[in-house]
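Add chains B, C and D to chain A, keeping to what the hints say.
Protein chains: 4
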Amino acid sequence: MIKVGVVGGTGYTGVELLRLLALHPQVRLQAVTSRGEAGTPVAELFPNLRGRVDLAFSEPDAGCLSECELVFFATPNGIAMKMAEPLLAAGVKLIDLAADFRLRDPELWQDWYGMEHACPGLLEEAVYGLPEVNRDAIAGARLVANPGCYPTAVQLGFLPLLDVVGADLSALIADCKSGVSGAGRKAAVGTLLAECSESFKAYGVPGHRHLPEIRQGLETYSGRKVGLTFVPHLTPMIRGIHATLYLRLDNADLDLQALFESRYRNEPFVDVLPAGSHPETRSVKGANHCRLAVHRAPASDTVVVLSVIDNLVKGAAGQAVQNMNIMFGLDETAGLQGIALLP
Amino acid sequence: MIKVGVVGGTGYTGVELLRLLALHPQVRLQAVTSRGEAGTPVAELFPNLRGRVDLAFSEPDAGCLSECELVFFATPNGIAMKMAEPLLAAGVKLIDLAADFRLRDPELWQDWYGMEHACPGLLEEAVYGLPEVNRDAIAGARLVANPGCYPTAVQLGFLPLLDVVGADLSALIADCKSGVSGAGRKAAVGTLLAECSESFKAYGVPGHRHLPEIRQGLETYSGRKVGLTFVPHLTPMIRGIHATLYLRLDNADLDLQALFESRYRNEPFVDVLPAGSHPETRSVKGANHCRLAVHRAPASDTVVVLSVIDNLVKGAAGQAVQNMNIMFGLDETAGLQGIALLP
Amino acid sequence: MIKVGVVGGTGYTGVELLRLLALHPQVRLQAVTSRGEAGTPVAELFPNLRGRVDLAFSEPDAGCLSECELVFFATPNGIAMKMAEPLLAAGVKLIDLAADFRLRDPELWQDWYGMEHACPGLLEEAVYGLPEVNRDAIAGARLVANPGCYPTAVQLGFLPLLDVVGADLSALIADCKSGVSGAGRKAAVGTLLAECSESFKAYGVPGHRHLPEIRQGLETYSGRKVGLTFVPHLTPMIRGIHATLYLRLDNADLDLQALFESRYRNEPFVDVLPAGSHPETRSVKGANHCRLAVHRAPASDTVVVLSVIDNLVKGAAGQAVQNMNIMFGLDETAGLQGIALLP
Amino acid sequence: MIKVGVVGGTGYTGVELLRLLALHPQVRLQAVTSRGEAGTPVAELFPNLRGRVDLAFSEPDAGCLSECELVFFATPNGIAMKMAEPLLAAGVKLIDLAADFRLRDPELWQDWYGMEHACPGLLEEAVYGLPEVNRDAIAGARLVANPGCYPTAVQLGFLPLLDVVGADLSALIADCKSGVSGAGRKAAVGTLLAECSESFKAYGVPGHRHLPEIRQGLETYSGRKVGLTFVPHLTPMIRGIHATLYLRLDNADLDLQALFESRYRNEPFVDVLPAGSHPETRSVKGANHCRLAVHRAPASDTVVVLSVIDNLVKGAAGQAVQNMNIMFGLDETAGLQGIALLP
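If you're matching them up, the sequences are chains A, B, C and D in order.
Sequential numbering from 1 applies to the first sequence in this note's numbering.
Sequential numbering from 1 applies to the second sequence in this note's numbering.
Sequential numbering from 1 applies to the third sequence in this note's numbering.
Sequential numbering from 1 applies to the fourth sequence in this note's numbering.
Same shape as in the complex, but just chain A (with noise of 0.2 angstroms):
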């Protein structure tokens, strides 16, 4: 049994990270710690938990944390970078599911995330934790920074064409569109029921943090310059993301349904649905795959990728137990057979 310890579990990441993690066979759940929230139990503010996680939301509290093996970070942006170098320097292993350490240059972070980075020196120690990249990294990481939403689910669908002969790089464009649950479990306004719900609206076109994280990954893993255009979307549902991804390709004969099976034939969570579909979100709510579809649009030199996720377990809490799994020298798949519930 794995001693866990999470930090900041009122966040929906954090709920669905304590869901997987009760299932999980392999691990004790050792502390949730919620600076706002301590001394209430786990299962008050989370009825789905009463029963499974009996422990109560506790201090944030460098000692016990340091007791763990490896500890989450469902937390805000900004907290992980500064209680890292202890509890690692005490032998913890940690996973941040926040942006701290995702992006390798700290100049960059701060441009689009507005503060200076509190420890840029772990910044190329940490590995960027999509397993279908960087399975090896990870296993040998003792901090990963679990990859975002969005940069997930786009990521994984242009990853089999980037070193396609004929794929024009300069110009890609992922259109995605997430539900409200993306937004966290924050008062806003705009987040409302009665302001979100039988409504469609993009946001942050002027520039949204994850572009340059999933400019990042493209460009690590193909090694070109990439030109990126990322639209996000909200969308009135709670969970799910669905990026729509166009690439323009010089290259009538490849054959791309090949193309996406080699690549992801041995990938537990990455599914190529068969030539000619369209995945649904809800074909992946509440699991940890990605379903991807690929598509040559009509009389057009553009291909179309549809990729789904369930933006808060593949496209974070899932992940993160998928990267601990690997970390820990587990089953990549312990604790994450639960199936998407439909409808």
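Check before you lean on any hint, since a few could be wrong.
Said to hold, decoys possible - In silico SDA-like cross-links for lysine to any residue, where the CA-CA straight-line distance does not exceed 25 angstroms: (1) Lys3/C / Gly338/B; (2) Lys3/D / Ala43/D; (3) Lys3/D / Lys186/D; (4) Lys186/B / Ala188/D; (5) Lys3/B / Glu125/B; (6) Lys225/D / Asp168/C; (7) Lys186/C / Glu37/A; (8) Lys82/A / Ala137/A; (9) Lys3/D / Glu37/A; (10) Lys82/A / Glu125/A; (11) Lys225/C / Arg248/D; (12) Lys186/B / Lys3/B; (13) Lys186/D / Gly184/B.
Note that these hints are calculated values from the structure, not bench results.
Quick look at chains B, C and D alone, frame taken from chain A:
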């Protein structure tokens, strides 16, 4: 008072048309026909119309319809083309909310709609009812082809850009999202609440009937060949279309905001939002407006246009009433002064 | 043209009131005040009003308001009672959409609203603005207390039964369901889409402020003591209230359908559906109607009344406009001719 | 491993049953039959099951089914009663998720279901599968009638009160609200998203088939005559039932909280919430729990019980698996450890 008939008023465009006509100060509704519901009071099927529409559905009877000055077809594709000629011969003006007269090429029509066109001779006369492009022709028309919902949102968004220096028309992208009412009021598993609520998906990627309609519109307007990728998606809400449009533009100095504002300054139903805006579909729920915003993607030569309409109003029944107003010399906004319902 | 001011137009009853007033043929909107949003154009906060309401929010300024003939308070509870006296003294008529003047007993008010009443002397003068009960008094009123949303739906459903032989008024039950807009437009975790979509719950079972208001109304009308259990629920939609009402009736011969039809025959905004009907909240979405159906439960002496309204229209802003029309001698339906949006 | 067959796995109770069985450690799924979908891979219809259920639908073939140890019927009403006898004769145990064996009186069944019962002789043997009432009988049963969704929520809420001094059983009220999946996965206009989203309505007030089932259960348990008014409503969400129950109680001293906690102390799937709680349906989404709260209405002798279940789990497939576990001597919670998905 214009004597008006509606053929096929049992669907969503039908009920919305009846709502608008019931509120229109210069319309007398003479007949609403439906083969399946003949005899049923309209307000029994649509309780929102109780006390406002006192007619019952009647059999589609050429005699009765030929006494109207104007007949709307809110029927499935393939009906209007069979009934148009005798009505026109009787001096009745026609507005078809279905697709029968939208494509000028009967072979193209047959390819996409899977049936032979019943009156190809009328295709040349029919006027494509997008007032922002064809206002004068509409004013003199006997037969108006009311545009599709996606084509309205997409064309209004692209129009200002088509003849700009540096616009690359070879690879336009229209990533569109529609509420479920776009699929119509027919019993079908795929549009049950339990199927499409809390989910998001693309559909029709291999080819959707609105693709040739949009391409025809853009090519006619620009006089140039247009390459277009069109991907529609189903979003879990009742009403609304959001089109996210992408075009590469090699013209860094162009003032896009001024371009759009200038193009639509005199249009009563096209609203260009301030620079930096993200229109919400709810801002047009029940109203005949198209609201637009134009952006340059960060660090890119891609222009992003955001265009929202209510698919049942500006995308169908409202635009049909607007066309009627133009055809009969009324104030173009008569009966279309409703304000979107928010929240 | 009546010169009208609105205090506190930033909430949902506020924006709905502005929508209705903008469409009203005999209203000139003079001022919309908001301390928090002073200076912001109204249409920036509520884009549905672009081109229709050109005012900006202003500071709540007695001078400006006292030039109005009528001021609506669309404020939180406790504001109108502090501003009412000087405005009344200046000859301005007032309609309070909040609860300040709904209960006649200032101690009862204090018990339920947790603050001392600021002008108990006005409570006797204030007229409870339910036109179906108090039309004549409203016509002569200076100060109207606009009823709560639940109280409107519940009272209209129970009224015809209260003085019937055999009705047991000792244990009425009102099981009510409201859309989320009833909770208002304020940042709160509990009404986030991700919290209350795809879920249903009761709230306030130990006591809700609308309980004494309903009881006062029923007792005043019947002149008898009324026992009432009131359970409100939150249902995952934006607008609409459905009240399901239960009353035991020892009178098997009474023609309930005729009773209801007779009671409401001349009411422009109360619609008794045919026997056997089940009204849907969407049939009044955006409209000022209450639709009712009355049933006898099978094998039981229990009468079941189903009553639906739009909580923001007949349950708030629409009823306020109806009261204005009565107070100023206008056609009671002026500006309230909108038809519910369906679907 | 128990060899299990499922007849009629194409509806919502079917897919939920398959999800649970695929996760069950002691089940081998032998056959899933469907006349309409024979030959189609199960995972093609239900993409959440990709990689988890490899069977295709097969013709309902007695030979194949009789090799199972247990067959579930997830069929429309009237199917199981025609297939039960030969399967029982072959030694197969049966759990019917439809209504064929729920009512003990064949005439009553015929009255409510509109067809003659095909095997009335089995009605006496069939055990009503509510474990909290009939656990021992279920353990010895060959044929279990799985309760309806509403009856489960209502009976579990009323049970502790039925034999209490002062309880008035002559006029119980069950005001129930169900998500739309309760209407099943069949093409129908009334359950389209565009029809029932953003709306709320009652249905079946003149009489619903679950009324006699609930009454039979309450009368059998209490040994007394029960008067019951049952009003079901459709609420715009996919899953979940909320029952709001009313009972007059002339017993002011009774500790209701203790009564409920005591009644359900040893029940693994009934969770009595702390005093003053309001259970949300989402707290059981995808889980086999019933969560209950009990209140006294203010200033009244009415007791209000709030009871929530997932209609597809504790209200159908999950309860069926619970019954299977009891029938086969397994841990009652085997395969039912899933935690509700929140948000």
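Here's how the hints hold up against the structure:
1. Lys3/C / Gly338/B: 22 angstroms, holds
2. Lys3/D / Ala43/D: 20 angstroms, holds
3. Lys3/D / Lys186/D: Measuring from Cα to Cα gives roughly 29 angstroms; hence the hint is violated.
4. Lys186/B / Ala188/D: Given pair Lys186/B, Ala188/D holds - Cα atoms ~8 angstroms apart, limit 25 angstroms.
5. Lys3/B / Glu125/B: Since the Cα atoms of Lys3/B and Glu125/B sit roughly 23 angstroms apart, the hinted pair holds (cutoff 25 angstroms).
6. Lys225/D / Asp168/C: Since the Cα atoms of Lys225/D and Asp168/C sit roughly 22 angstroms apart, the hinted pair holds (cutoff 25 angstroms).
7. Lys186/C / Glu37/A: 22 angstroms, holds
8. Lys82/A / Ala137/A: With Cα atoms ~23 angstroms apart, Lys82/A and Ala137/A stay inside 25 angstroms; holds.
9. Lys3/D / Glu37/A: Outside the cut-off at roughly 48 angstroms; violated.
10. Lys82/A / Glu125/A: Status holds; Cα separation ~16 angstroms.
11. Lys225/C / Arg248/D: 18 angstroms, holds
12. Lys186/B / Lys3/B: Given that 25 angstroms is the threshold and the Cα spacing comes to 29 angstroms, the pair is violated.
13. Lys186/D / Gly184/B: 17 angstroms, holds
Checked against the numbered hints listed earlier, the structure breaks hints 3, 9, 12; every other hint is satisfied.
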